[in-house]
Amino acid sequence: MKIVADEGIEARLVLGLREAGFDVLYIAEEVPSFEKVKIVCDAFRQHGTDFQGAFSVIDENYIRIRH
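The sequence shown runs 1 to 67 under my numbering.
The set of hints was computed from the structure by calculation and includes no laboratory data.
What you are looking at is a predicted structure, and each value in this text was computed from that prediction instead of being measured.
Just to be clear, a hint being listed does not mean it is correct.
[What the hints assert, rightly or not] Label-pair restraints from in silico Cβ distances:
(1) I65 <-> V37: 17 to 27 Å
(2) Q46 <-> G16: 33 to 43 Å
(3) I9 <-> R64: 20 to 30 Å
Glycine included, each C-beta is placed from N, C-alpha and C at the ideal position.
Put together the whole structure using the sequences plus the hints.
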């Protein structure tokens with residue numbers, strides 16, 4: 001099982017999970033914050049009204065919007 005840790009998770013927790021043998025994808029290591037801001041801004045420019053009342057996942061390669 002792969003654990004995805006958001007950038008809000010402390011690095012020491014991610015390190016502890018990895019040391020315990022877990023496979024952890026740490027977002028803070030993958031995409032710098034300034035790139036994330038650009039990705040989200042671009043998504044809102046293109047699909048702004050679609051996000052209202054929806055669960056959304058925004059990635060550099062896709063946007064998933066569920067109502």
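Status of the hints after comparison with the structure:
The beta-carbon spacing between I65 and V37, approximately 19 Å, falls within the hinted interval of 17 to 27 Å. Between Q46 and G16, the C-beta spacing of about 38 Å keeps the proposed range 33 to 43 Å intact. In this structure the supplied range 20 to 30 Å holds for I9 paired with R64, their Cβ-Cβ distance being about 22 Å.
Going through the hint list in order, the structure satisfies each hint without exception.
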